[in-house]
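Student: Starting from the known structure of chain A, fit chain B onto it as the hints suggest.
Each chain, written out:
Protein chains: 2
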Amino acid sequence: MVNEFLRILEVPEFENILKKLFNKFCTEYETEYVELMDAHHRVLNEDIFANMDVPPFDRTTKDGFAVKSEDTFNASEENPVVLKLLEHIDAGYNPKKEVKSGFCSLINTGAPIPQGADSIVMVEYTKTQDNEVHIYKPCPPGQDIVRKGSDIKEGEILIKKGTLLSSDKIGALSALGLNKIPVRKKLKVSIISTGRELVEIGSKLKPGEIFDINSYALQSATKSCGAEAIWLGVVPDNYENMKEIINKAIKTSDIILTSGSTSAGTGDVLKDIIEDLGEVLVHGISVKPGKPTIVGHINDKMIVGLPGNPVAALMIFEIFLSPLLCEFSNLKNNNINTRTVEYPLEKRFYSSKGRQHYAMVKIENGKVYPIFKDSGAIVGLSQANGYITIPKNVEMITEGSIVKVHLFDRI
Amino acid sequence: MVNEFLRILEVPEFENILKKLFNKFCTEYETEYVELMDAHHRVLNEDIFANMDVPPFDRTTKDGFAVKSEDTFNASEENPVVLKLLEHIDAGYNPKKEVKSGFCSLINTGAPIPQGADSIVMVEYTKTQDNEVHIYKPCPPGQDIVRKGSDIKEGEILIKKGTLLSSDKIGALSALGLNKIPVRKKLKVSIISTGRELVEIGSKLKPGEIFDINSYALQSATKSCGAEAIWLGVVPDNYENMKEIINKAIKTSDIILTSGSTSAGTGDVLKDIIEDLGEVLVHGISVKPGKPTIVGHINDKMIVGLPGNPVAALMIFEIFLSPLLCEFSNLKNNNINTRTVEYPLEKRFYSSKGRQHYAMVKIENGKVYPIFKDSGAIVGLSQANGYITIPKNVEMITEGSIVKVHLFDRI
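Protein sequence lines, in the order shown, are assigned to chains A and B.
Be aware that the first sequence starts at 12, since it is given in this note's numbering, and climbs by one per residue.
Be aware that the second sequence starts at 12, since it is given in this note's numbering, and climbs by one per residue.
Just chain A, with the same shape it has in the complex (with noise of 0.2 Å):
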């Protein structure tokens, strides 16, 4: 009646378990193509180089006249110099007239530079009558032109492959006119919550019933990495019921997540299944909580059984999964082992000794105060500001010690 754990695994080699079948079956970086105006925060899949030069063509920062500037070299105030005005280049329009010694052309921000004119003299410097300007500054050549390819040249690397498109990486590829950018394919994670007293929010609880929490809270921690959540809803936990819906998950998505059917009980089979239909290799973690975590494949799919309390669920996912889903998403500050802040503890903690633990805590003006709460309660969590970590050999931390503090807030 009652199953065995397999060899419960030291957080170390449980780390080094799940981040090699990560890295087998989660780093084929597929590319998909999006339009530009949806690639915000998409991870480019290629290098990118300029196709051409950008600017396309010399062209102007300011109002005002293209000149030859030895022309100018000469005017003053006192005596300005009279050019000849040859026409009005706005910016979208390609000049005409090739400016010569004597002649200028009225110009505006960001126009092209007529042939001939080496400089531009600001409209503030001039005074134009009829067809004659006068310029009253003397100007040197190469003033306020943006020079053709001086902000990045046609074969220059633009972007490298794996970077975050951020807004400034987003105008850059606009600058190049690029539409259909080449990005890393999100993971897709399915999520599968098990466990009979379940039911969807939006039903009415019965006896002995409570609402599903673990596919709330797991698709959203699974967007904050990045990663696309798939959510399959609440499952029977036995045996057809769960390897059928295993069986679908594996064609849609790269990661399966389940929840619940975890612990060494009665009525636990997600083991058995990934056992018939793949290989276990991970079955219980020396940490609490989250001990009964399983971890799997099944071909080239990886599974994860997370407990099905929602604090454990959720602690695992946190400490473990994000930072490998974060790493491929390139959201790389954006995991819980990046946020930590260190504090004294406000009251001594007694640990559950012989395994690693992660304690909820709240932060209140600069003083850590643990929240005594079983791994079921998630609205405790929901009310914490991180956890601490004690390691396995620990029975007790005093008061006044100074705790590393791992921030849940991760925005």
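Be careful, since some hints might not be right.
As the list makes no split between identical chains, a pair holds if one copy fits it or if it spans any two.
As the list claims (entries may be wrong) - In silico EDC-like pairs for lysine to aspartate or glutamate, Cα to Cα no more than 20 Å straight-line:
1) 234 with 49
2) 171 with 375
3) 35 with 89
4) 403 with 24
5) 373 with 239
6) 199 with 167
7) 199 with 49
8) 191 with 141
9) 259 with 81
10) 108 with 58
11) 262 with 41
12) 384 with 155
13) 35 with 255
14) 343 with 311
15) 415 with 135
To be clear, the hints were calculated from the coordinates, so they are not data collected in a lab.
Tutor: Just chain B now, kept in the frame of chain A:
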């Protein structure tokens, strides 16, 4: 021919006006209801109180036997207590039988505690023969039982208005079975590019034309702030066309963001339109880049006219608008003002005296390198790691000075 800037504002005065305008028009915090699966990273717009106890009944966290604890007090390995088995209470099942002295019920993790029982003996410390259960270990009252309402009691506050809904909060909402979640409506930001030289990506450039950059960069920047971007495309910068699109935008958005048509030069019409339809509050800030920024309002809609130069437009957005939008969306750590590092400057840097200068820099091996490009250089911006601020009266920063870099990377 040359319009005058209104009085050029110093940064603190500009920030003050911008913030006041934003607070006046953009803090209605209207509510919309979304399904819980779509509530990820939205901002809760009402206090949520528990509509039921969580858990809704006393339940066990272990597989075992529900007993009267006093029946087990004399149990030991040598002299097990023998209890009669009443029923099997699976998770999701409503117990039918009261546990009286001398009796017990088999119970699974998550199942409700039957009437009469006050403790759970783990299955590991028992042996079942026919209809009799041998108990080898005494158990105290309450063991492995989670009490009704221990996570949260009906009527208690669950999550406060204004909270960003991350995975743990979404989990807590699902525990209450809530599916229609009152969230803050996203701010709608209309984005309009102007400039006769601009064409949308996907088209072919004619001589003198360049691709629109600001629409793409600003929509991405807007999304990063948790706001909704409405793309209105490239609009010719003549009075009638601009007025028409702005009149359309004020009906469908909270903020109108234009770029281009702001300089005090030829062909600039945004200021005239805002003056005719509403009020111009800012025309010119003492910064580089971004001097020709316009801020005003038409009725109760805020309009920000950003410069046409992509770097200037994006920098002004990031430095001044993003903090306001992020605060609205409660993405409080998601703006550039909160992300700084300090390193020595590797090369001396000359600033444009008389204006606060935001200079793009690269960080390499713990050293800061200025990027010398003009304010249209979007590729330069996309290759920068951040910017440094040089106060208006500083002409040069010497090599080796420790500078504070605001990091663009927002993730």
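Student: Are any of the numbered hints broken by this structure? If so, which, sorted upward?
Tutor: The structure breaks hints 3, 5, 6, 8, 9, 10, 13, 14, 15; every other hint is satisfied.
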